[in-house]
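Sequences listed follow chains S and W, in order. Under full-length UniProt numbering, the residue at position 186 of the first sequence is numbered 186, and the numbers go up by one with no gaps. Under full-length UniProt numbering, the residue at position 198 of the second sequence is numbered 198, and the numbers go up by one with no gaps.
What you were told as hints is all true, and nothing was included just to trick you.
If several chains are the same, the list does not tell them apart, and a pair holds so long as it fits within one copy or across any two.
Here are the simulated PhoX-like cross-link-like pairs (lysine-lysine), alpha carbons at most 20 Å apart as the crow flies:
#, residue 1, residue 2
1, K6, K46
2, K44, K6
3, K125, K46
4, K45, K125
5, K133, K45
6, K133, K149
To be clear, the hints were calculated from the coordinates, so they are not data collected in a lab.
Protein chains: 2
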Amino acid sequence: MAPVYKLHYFHLAGLGEPIRYMLHYGGVPFEDIRIGAKEWPEHKKKMPLGTMPVLEVDGVMYPQSRAICRFLAGRVGLAGADDEECLRIDVAVETFNDLRAAVADWFYDANPDTKAAKLEPLLDKTLPFYLGKLEAMVKANGGHLVNGKLTWADVYLCAPMTWFDAMLRRRVLEGYPALEALRRRVDALPGVAEYVAGRQSAEKLCPRFIGP
Amino acid sequence: MAPVYKLHYFHLAGLGEPIRYMLHYGGVPFEDIRIGAKEWPEHKKKMPLGTMPVLEVDGVMYPQSRAICRFLAGRVGLAGADDEECLRIDVAVETFNDLRAAVADWFYDANPDTKAAKLEPLLDKTLPFYLGKLEAMVKANGGHLVNGKLTWADVYLCAPMTWFDAMLRRRVLEGYPALEALRRRVDALPGVAEYVAGRQSAEKLCPRFIGP
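Just chain S, same shape as in the assembly:
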């Protein structure tokens, strides 16, 4: 019997979005549970680490987005073919994650003073540094992050980009043509394209989004 998958995440295209993309890409049926702000305090208590995303597989709850993504990648054919390819995928994923963590560190900073102080180095140094490294990887690897083929690293980077654009109030990948092309290709993947076409816009999902 096929496993029963349930994804617990916010109604956002953040850390849970690559999980949704992979399940749609793999044609894997799943329950896309979206927790609103009002339900979250109660729902949080049921999550293993008080965080989401959580993937429920036959009733077992797994937290940690990259752990979940790597697991699903194997199940939908987006993992590496050998240990060196897996290593290169993991390097790309962790590199993008370093950038994601820096953006989140700024965006979710509750102190207005330290938050304001973080924006300039984020925009002028951190973003160009990491996006430059990732752009170079895609250029050197035939339009993908690793070995000229679609892997879960591509999905992990591209799926949350609507949320990145919303947080940073700009087209984050603008000026990085290889990454922009990769994002278009990932959004057009079979299964993913249908999901993306029906997805709510980031403006609706992120109340703090004002527009460019």
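Position chain W relative to chain S; hints supplied.
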């Protein structure tokens, strides 16, 4: 021909230490390159992301510690046996890494005011929360983080503990008997025990360490 491994890292038991442990455990010859503070600015330029650890495999440089650890785990027999076990290992690793990131966010904060403000929540909330979760995992899994067997998750948590103790100026695992026992077992592994016996103390390695 066996691959040629070189590890580039600081003369510290931080993110590079689980890599050293695994190579010693596997009996894998490697060059343990330790970069001092004076050499670092020049050496940094040669590192793919300007960070260490970097594992060089036959001349190819791979950054990102967890990516490196997962790769080596496969080569030395510390990876999961199936995709669900790999998922559980990754969950444990990412959970410890969340704690590590919180400690690093405090320890390396260059602003004395924000650094001081971070210490109390770190000691009173973050450390007990994560160590409590990890202690419960080890208790529920026969003395290991996953499935009652030694995996790279155990090594990833235990290897940097001398550095954790030094940063936080206390025995971090005190009060968590299952984690303390796991640490002793990991430090006593064949190959690792010989390395640990010859290792310099954290006091010598960390100039900011004053003692308990």
